[in-house]
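A.B. asks: Same order as they appear, the protein sequences are chains R and Y. According to this note's numbering, the stretch in the first sequence is residues 76 to 456, in order. According to this note's numbering, the stretch in the second sequence is residues 119 to 367, in order.
Derived from the structure by calculation, the hints contain no laboratory data. Glycine residues also receive a C-beta, built at the ideal position from the N, C-alpha and C atoms. Please note that a few of the clues may not be correct.
Below are the BS3-like pairs computed for lysine-lysine, each with C-alpha atoms no more than 27 Å apart in a straight line [stated by the list, open to error]: (1) Y:Lys168 <-> Y:Lys317; (2) Y:Lys342 <-> R:Lys341; (3) Y:Lys136 <-> R:Lys341; (4) Y:Lys177 <-> Y:Lys225; (5) R:Lys338 <-> Y:Lys346.
Among chain Y residues calculated to face chain R with C-beta under 8 Å, some are [what the hints assert, rightly or not]: (6) Lys225; (7) Gly281; (8) Ile305; (9) Met308; (10) Met312; (11) Thr316.
Computed footprint of chain Y on chain R, listed as stretches where at least three residues anywhere in the stretch have a Cβ under 8 Å from a Cβ of chain Y [what the hints assert, rightly or not]: (12) 114 to 126; (13) 402 to 416.
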Amino acid sequence: MNFEFTEEQLMIQQAARDYAQRDLIEDVIERDTNSIYPAKHVKALSELGFMGMLVDPKYDGGGMDTISYVLAMEEISKVDSSVSVIMSVNNSLVCYGIENFGTEEQKEKFLKPLARGEKIGAFLLSEPEAGSDATSQRTTAEDMGDHYLLNGTKNWITNGNTAGTYLVIAQTHPEKKHKGINVLIVDRHSPGITVGPHEDKMGMRSSDTHSVMFNNVKVPKENRIGEDGFGFKFAMKTLDGGRIGIAAQALGIASGAFERAVKYSKERKAFGTEIANHQSVAFKLADMAVKIENARNLCLKAAWLKDQGKPYGYASAMAKYYAAEIAMEVTTEAVQIHGGYGYVKEYHVERLMREAKLTQIYEGTSEIQKIVISRQILNEF
Amino acid sequence: MNILVCISNVPDTTTRIKYTTDQKEVDYSGVQWIINPWDELALTRAIELKEANPALIQKITAITVGKADAEPTLRKALACGADDAIRVDASGVDSFYTASQLTNAIKDESFDLILCGIESSDFNGAAVGGMLAELLDWPSVSAVSSVNIENESVKVTREIDGGKQLMETGTPSVLIVQKGIALNPRIPSMRGIMTARTKQLKVVPAVEAAAQSHILTFAAPPQKSACKIIDAENLDELARLLHTEARVI
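Sequences are here, hints too, so could you generate the full structure?
C.D. replies: Written out as structure tokens, the structure is:
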């Protein structure tokens with residue numbers, strides 16, 4: 076077993092760290108407070124290749140492995156998960172889905188601009204009444220012969236307004252239940268699409284979350300990914316990989332808060348000494364460090380399995396579940412170590428705590444991850 | 119035109135420097151290595167110049183004097199945009215030794231411009247650039263804060279006391295650059311990182327060169343004393359402490 080990173084993986088980690096700590100940090104509080112979309116950072120990260128880092132270079136991607144992706148996601152998420160979620164959705168849901176299941180024509184037409192970051196993608200699965208229960212899709216894609224007619228509403232869509240390319244999951248054959256679901260590549264500017272107002276969220280406030288309404292939107296038949304009825308399987312397979320991204324994001328939120336807590340506890344004095352010298356604080360730091368190391372190992376194992384072409388759904392569910400849970404715990408403790416300063420925006424940890432909460436909810440709640448994990452256990456043993 | 123950028127492989131600037139127990143050497147265990155920040159800015163400017171004028175500038179070469187463990191630093195230079203790299207297989211001893219190794223390594227190459235950071239962030243010698251120019255018998259300009267190339271003319275700005283000095287030089291020459299030469303160091307792109315592995319990194323053996331100095335001992339700076347916060351209203355107390363404790367007034 077080898078725990079060493081390659082020179083290239085370390086270089087990617089450093090590049091992400093340099094960008095996050097030098098540029099991303101600058102306006103993060105203002106962007107969060109005022110829900111400002113991080114357009115300039117998305118552009119800069121696209122130019123550096125982060126938005127399509129997992130895509131094969133022949134489709135204009137970075138050609139990096141999933142381990143590098145975890146390292147980069149952690150570094151960006153230490154500073155701003157509103158940005159890393161854009162990176163995650165684009166890389167591990169939209170680009171991954173088209174690259175692995177799309178036709179050559181679809182890759183040429185849709186994947187390349189997404190991999191270059193010229194267009195950003197959105198993954199439209201959740202609905203007002205279908206979140207965790209993804210089989211209950213009410214959005215319909217009616218087969219009209221040479222095209223589909225899309226009707227319905229999608230909720231909580233990251234990049235909902237800024238995306239140029241949507242991957243829409245919709246029901247074509249209700250009688251077949253989840254086996255009648257399709258996935259369609261949809262131009263965001265197609266006639267009949269209405270984007271709802273920006274969601275005023277608790278955390279990740281500068282990411283662009285909207286509901287999206289489809290009213291008789293015509294989608295060419297050639298924009299369907301896979302065979303008729305492949306949509307649900309597509310969503311599940313793609314979300315397996317997406318979980319690694321969000322697990323790495325949760326890991327970054329935790330390690331970002333931890334690094335700030337360590338620094339603060341070595342500077343802040345109480346009762347005549349730095350608070351790190353008080354066992355109550357030092358033990359908190361020890362607990363946080365162990366949890367973060369566990370989460371990191373789970374993320375890297377899931378990434379390694381994916382890179383090796385081995386099944387990784389179980390590992391990615393474990394990584395996502397555990398990293399999200401400890402992100403909440405670690406950020407809460409980081410706020411506690413900071414005391415009153417932790418409760419104000421200037422010290423960043425309250426924002427990280429707000430961001431952590433979302434990682435327990437989106438791309439499969441912690442409870443859904445436990446379903447995935449427990450089903451696998453019960454099938455195997 | 120070919121540009122050479124001299125790269126020093128230095129400990130990350132946030133490293134807590136430790137010494138061996140006999141205080142004769144730096145303890146490098148656990149140290150993260152980076153491109154010396156001034157050299158990184160020099161490299162960034164060289165890349166910017168090549169991007170702005172690819173017809174004029176054909177090649178950027180990064181060079182360092184160091185053992186094999188310095189190669190990740192050179193690979194980063196390649197990932198940032200250097201076209202090839204040279205490593206002189208030697209540990210730095212002093213500035214003259216380093217300058218001698220650099221001079222020998224490039225004697226058969228054809229460079230028109232050499233950029234060196236003004237100093238390295240570890241030993242702060244601020245001598246290699248000047249020595250290199252002298253050993254090559256090339257003109258050099260120190261403390262350069264901006265550089266532009268127009269045809270064969272090299273226009274530079276130097277920061278001087280109370281203002282700026284604009285100068286023109288030709289090629290070949292050595293520019294010893296300082297902060298301001300580029301706004302921010304270049305962050306390597308995915309494409310750059312991927313192509314770095316295919317770029318040439320030539321290893322050149324060290325030559326005999328006599329060091330002109332040797333280190334007797336190292337000493338850590340005294341620990342900073344605790345910070346005292348004086349109430350904004352209590353100016354008398356502030357004045358008293360500055361006078362009796364800090365002894366600065």
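A.B. asks: A separate judgement is required for each hint: does it hold in the structure or not?
C.D. replies: Outcome of the hint check:
Taking the CA atoms of Lys168 of chain Y and Lys317 of chain Y, the gap is near 17 Å; set against the 27 Å cutoff, the hint holds. Only pairs whose Cα atoms come within 27 Å are accepted, and Lys342 of chain Y paired with Lys341 of chain R is accepted, the gap being roughly 14 Å. Between Lys136 of chain Y and Lys341 of chain R the alpha-carbon distance is near 19 Å, which keeps this suggested pair within the 27 Å criterion. For the hint pairing Lys177 of chain Y with Lys225 of chain Y, the CA-to-CA distance comes to about 17 Å; that is within 27 Å, so the pair holds.
Restraint check: the Cα-Cα separation between Lys338 of chain R and Lys346 of chain Y comes to about 19 Å, which is no more than 27 Å; the hinted pair holds. Residue-level restraint check for Lys225 of chain Y is violated (minimum Cβ-Cβ distance to chain R is 30 Å; threshold 8 Å). Residue-level restraint check for Gly281 of chain Y is violated (minimum Cβ-Cβ distance to chain R is 29 Å; threshold 8 Å). Hint status for Ile305 of chain Y relative to chain R: holds, with the closest Cβ pair at about 5 Å, below 8 Å.
A hinted interface residue such as Met308 of chain Y counts as satisfied when its beta carbon comes closer than 8 Å to some beta carbon of chain R; here the least separation is about 3 Å, so the hint holds. For Met312 of chain Y, the interface hint holds, since its Cβ comes within 8 Å of a Cβ in chain R; the closest pair sits about 6 Å apart. Proximity of Thr316 of chain Y to chain R is violated relative to the hint, the smallest CB-CB distance being about 12 Å (cut-off 8 Å). Here the stretch 114 to 126 of chain R counts 4 residues with a CB under 8 Å from a CB of chain Y, which clears the bar of 3, and the coverage holds.
For the stretch 402 to 416 of chain R, the stated coverage by chain Y is violated: 0 residues have a C-beta nearer than 8 Å to a C-beta of that chain, whereas at least 3 were required.
Going through the hint list in order, the structure does not satisfy hints 6, 7, 11 and 13.
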